[in-house]
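Below are the chains, spelled out letter by letter.
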Amino acid sequence: MSARLVSLLIAILVLAALPWLLPTPYWRGILVLCAMNVLLALSLNLVLGYTGQLNLGQSAFFAIGAYVSTILVKTYAWNFWLASLAAVAAAGLLGLALAAFAVRLRGHYLAIASLGFAVITYQVLVNWEKVTEGVRGIYGILPPVASTTGLFYLVAGITLVVYVLIDNLMRSPVGDTLRAIREDEVSAASLGVNGALWKAFAFGLGAAIAGLAGCFYPGFVGTLVPDAFNIIESFTMMAMVIVGGMGTMIGPVIGAIVLTFLPEVLRDFGEFRLMIYGLALTLVVLFMPGGIVQAWRTLLRSR
Amino acid sequence: MMFLKAENISKSFGGVRAVQNVSLEVPENSIFALIGPNGAGKSTLLNLLSGIYQPDAGQLTFQEKNLIGLPAHRRVRLGLARTFQKIRLFKQLTLLENVRAGFHIHQDAPFWKNLLHGNSGSFRDEAHELLEFVGLESLAGERAGALPYGKQRLLEIARALATRPRLFMLDEPAAGLNGSEVDFLLDRLIQIAGRGITLVVVEHNMDLVMNVAQRVFVMDHGEQLFEGAPREVQANPRVIEAYLGGEFQ
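Quick mapping for you: the protein sequence lines, in order, are chains A and B.
My numbering applies: residue 1 is where the first sequence begins, and numbers increase by one.
My numbering applies: residue 1 is where the second sequence begins, and numbers increase by one.
Excised from the complex, chain A in its bound form:
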């Protein structure tokens, strides 16, 4: 049995056991949130970590997945899975549309343009009341499975499948191409790589995966309001990717887990919670520039 298959089996066992290790409804809810955050971190890592595009608009694609799937189910009585499929396609296509402009931009300029896109999306959600109900929000949204444990298994299972597929892709020549673009786009072009095309591909795929995460969010919370997709969400996703270790497969998973559970663990500290959270984030970025994964590898090598 290959090491990959063993890791996969261990991951399945751990995921299966988790709801029983954290038996309260509250902690099981955090587990669902955590699985969603891992999916979001994976989606951003594809763009930021592997292709090197500073995309701050990922919260917008999360929002589009959530709103499109919910509206199709609530207003047009679509089946949840069909609605989700449409929502993922919508997020992916919008990602490609944005990429058509974004691939010409680099570094700060891309960051500002994608941030702008997230702000515009948020404003549309607030103001297009006929469709989105604006700040009043959409209520009484049902999850695809009734129990929290079932929802966790569903989202975690999908996340695991997405993880394996992205991992495959990054081990394939496609991964070589994306990493080459991240390292040096001019150099990649000298090897025949159409940088704009592949960056758009990563952008679109990342957007579709963020949209997929969005499909499960409304049912989990039960309500849908624009504030859930504030641009701060984009920064939270970026923090997960960076804290874990961008450009690695497992890094963003670790980052998402740490940053989902840290605020919960810190609840005992009351109002100092956010301060400690912020301080921890700053320290990681200052002293572990490659994230937790890099720090771990350095530690292993030095022993």
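Source of the hints: derived by calculation from the structure; they are not laboratory data.
Treat each hint with caution, since some may be false.
Which residues of chain A face chain B? A few of them, derived with a C-beta cut under 10 angstroms, are [stated by the list, open to error]:
(1) Leu165
(2) Ile166
(3) Asn168
(4) Leu169
(5) Met170
(6) Pro173
(7) Arg179
(8) Arg182
(9) Glu183
(10) Asp184
(11) Val186
(12) Ala189
(13) Ser190
(14) Gly195
(15) Leu197
Pulled from the structure, derived: some chain B residues nowhere near chain A, Cβ distances all over 12 angstroms [what the hints assert, rightly or not]:
(16) Gly15
(17) Arg17
(18) Asn21
(19) Glu28
(20) Gly150
(21) Phe184
(22) Ile192
(23) Leu225
(24) Ile240
C-beta atoms are modelled at their ideal positions from N, C-alpha and C, and glycine is treated no differently.
Add chain B to chain A, keeping to what the hints say.
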């Protein structure tokens, strides 16, 4: 049929005329050297030939196919490859990954196969052969950025060869190399040419130019100064003047 042909190509940056009305013809299966003092426009010319820049005016054809307007990545598919004066490796990637990325245009596995199997096995043997060819096989798993300078130049050559070029342009491949490294490079360049790959080499190292090139093209101030066989170049007073200054005459 002329292999690579440029007619009256020009390129300006702001008010600086980097390349002015340059015409050249590179015959197939030859080693063509491009020399000239610093700032003569050699690298700009190479960037025009490889598609990093588009010329302001002039004609450019490769095997009678028009290159004007064709971006760099499309020219690679016609068989043009290059290295850079300021080395541009994928520094965070391993040597093997660098060379593997060079096979991009030859990858033909369908997307679903990459998604389901993640086959990094394609071209693996060939990538190792190329590393072997430049003497870096034992370092295949190392990070490219950690290599000493001379080896970085060789890795860039191996990576470009992965595209399987017909015309290979090298921008100062011997810059920063020590004596034995230059000898090794020379030997490799001759072997590459022996495989039927035409070479265009921008170079300052006169040993290299005089010993391996069949044609030498001399530039100064963005213009063509002289073109001929290596011996003719050495004897040409205008070339000597451009390199050493007039007062030596």
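TODO: Would you settle whether the hint for proline 173(A) is holds or violated, based on the nearest Cβ-Cβ distance to chain B being less than 10 angstroms?
DONE: holds (4 angstroms)
Task: Whether leucine 225(B) stays farther than 12 angstroms from all C-beta atoms of chain A, as the label says - done: Correct as stated: the minimum Cβ-Cβ distance to chain A is 28 angstroms, above 12 angstroms.
Open item on the list: Please verify that the nearest CB of chain A lies beyond 12 angstroms from asparagine 21(B)'s CB.
Closed with: The claim holds: asparagine 21(B) sits with its nearest Cβ about 26 angstroms from chain A, beyond 12 angstroms.
- [ ] Over 12 angstroms to the closest beta carbon of chain A is the bar; see if glutamate 28(B) clears it.
- [x] Consistent with the label, glutamate 28(B) stays out of reach of chain A, its closest Cβ about 21 angstroms off (over 12 angstroms).
Task: chain B contact restraint on alanine 189(A) - CB to CB distance below 10 angstroms - done: holds (4 angstroms)
Task: glutamate 183(A) as chain B interface residue, shortest Cβ-Cβ below 10 angstroms - done: This hint holds: glutamate 183(A) lies near chain B, its Cβ roughly 4 angstroms from the closest one there, short of 10 angstroms.
Open item on the list: Would the hint on leucine 197(A) be counted as holding, given a Cβ-Cβ threshold of 10 angstroms to chain B?
Closed with: holds (9 angstroms)
Open item on the list: The hint names arginine 182(A) as touching chain B; please verify it with the least Cβ-Cβ distance against 10 angstroms.
Closed with: Cβ of arginine 182(A) sits 8 angstroms from chain B, so the hint holds.
- [ ] Answer holds if the nearest beta-carbon of chain B is closer than 10 angstroms to that of aspartate 184(A); otherwise answer violated.
- [x] With Cβ-Cβ at 5 angstroms, under 10 angstroms, it holds.
- [ ] Check the non-interface label on glycine 150(B): least C-beta distance to chain A beyond 12 angstroms or not.
- [x] holds (19 angstroms)
TODO: Evaluate the condition: distance from the CB of glycine 15(B) to the nearest CB of chain A exceeds 12 angstroms.
DONE: holds (25 angstroms)
Open item on the list: Can you verify the interface hint for isoleucine 166(A): is its Cβ closer than 10 angstroms to any Cβ in chain B?
Closed with: At 9 angstroms from the nearest chain B Cβ, isoleucine 166(A) passes the 10 angstroms test, so the hint holds.
Violation of the numbered hints given earlier is absent; every hint is satisfied by the structure.
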